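K.L.:
Whenever a hint applies, use it, and build me the whole structure from the sequences.
Taken in order, the sequence shown gives residues 1204 to 1512; the numbers are from our numbering.
It cannot be assumed that every hint is accurate.
Listed next, the in silico EDC-like pairs over lysine to aspartate or glutamate satisfying Cα-Cα at most 16 Å (straight line) [as the list claims (entries may be wrong)]:
hint, residue 1, residue 2
1, 1323, 1362
2, 1347, 1426
3, 1507, 1461
4, 1323, 1357
5, 1347, 1443
Read the hints as simulated data drawn from the structure, not as lab findings.
Bear in mind the structure is a predicted one, so any value in this text is a computation, not a measurement.
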Amino acid sequence: MNGHSLRQRASGDHAVSPLAAGKVCTMMLAWRVRAIAVTASLLCASVFAGGVAAAAPGHNTVADSQYYVALGDSGAATTGVQSFDVEAPLRCAQSTANTPKLLARTLGVQLDDRTCSSAKIPDLYGSQGPGVAPQFDALGPNTKLVTLHIGANDARFTDFILSCVAENLVGRTCARGEEWSAAIQAIRPAYAAALEEIHRRSPDANVVVDGWPIYLRPQGCADALLTGPNAAYVQSKFDELSSVVSSEAAAHGAVYVETRTAGLGHDACAPRSERWIEPVLADQTLVPFHLTLRGMSDIAAELKAASGS
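P.N.:
As structure tokens, this is what we get:
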């Protein structure tokens, strides 16, 4: 997911009050300002240490394929301001302790980590911006392991979750219509095509995809700014997205890793030390509804068995 915008719903019954929207915008701006400040300090530190490279070798050009290539969005790339990787493209906000890097260390294999915050499925094929090569450029005949975690941005999860938070603040339900489900189901063709392209470029690779864990318990909590039916509704959409990915993985020769079961009790409402997921009032990574360091580490352990190594 990305946190770049808050789009109000259309007028009428679906409208979000200016007061509620303002509260959400103020809250999101506060954590973004803190995150930017920390990122800026890291950047300045690297400049005074000898300058910032455009990107680590292999990030800007088509590279000789590594044993393990990681593809995906912020769900695999980042732990926000914690363990920020200044050698990766800065716009990707990669972590040095994200799931791919932890998995590679555990397996003792070479990794080309192409995961990038805000990525969508088209960014696998094309550049996401200056200094960020198409993620698929990392693939080649020597690649033996590929992990893929992507789809939430294509299904507009940030927009829908922020809308639900705004509705929750004024005591209204956000479970209206089928717009969110339609956006989730719409990723199927592109996701399937991406899996086929991975197999084409790296025919000997074991392709492993993972779903989304428990983000919210049924009753929600104040820290997440989602409670009762709204919390249950948002979680049901994460489950629906996982179901889409699972079925497409089965149909296109990939291994699916279910993380929901292992994530029970580690949602955004869990005690701070137990959380896999940051709540809206994030106090570890400063990035709401993204994985904590604990979450990245535990999911890496779940992926290890499926890696075939």
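K.L.:
Indicate, hint by hint, whether the structure satisfies it.
P.N.:
Hints, one by one, checked against the model:
Our distance criterion of 16 Å between C-alpha atoms is met by residue 1323 and residue 1362, whose separation comes to about 14 Å. For the proposed pair residue 1347 and residue 1426, the alpha carbon gap of about 41 Å is over 16 Å, so the pair is violated. With a C-alpha separation of about 12 Å, the suggested pair residue 1507 and residue 1461 falls inside the 16 Å cut-off, and the hint holds. Between the alpha carbons of residue 1323 and residue 1357 the distance comes to roughly 5 Å, so the proposed pair stays at or under 16 Å and holds.
Restraint check for residue 1347 and residue 1443: not satisfied, since their Cα atoms lie roughly 29 Å apart, outside the 16 Å limit.
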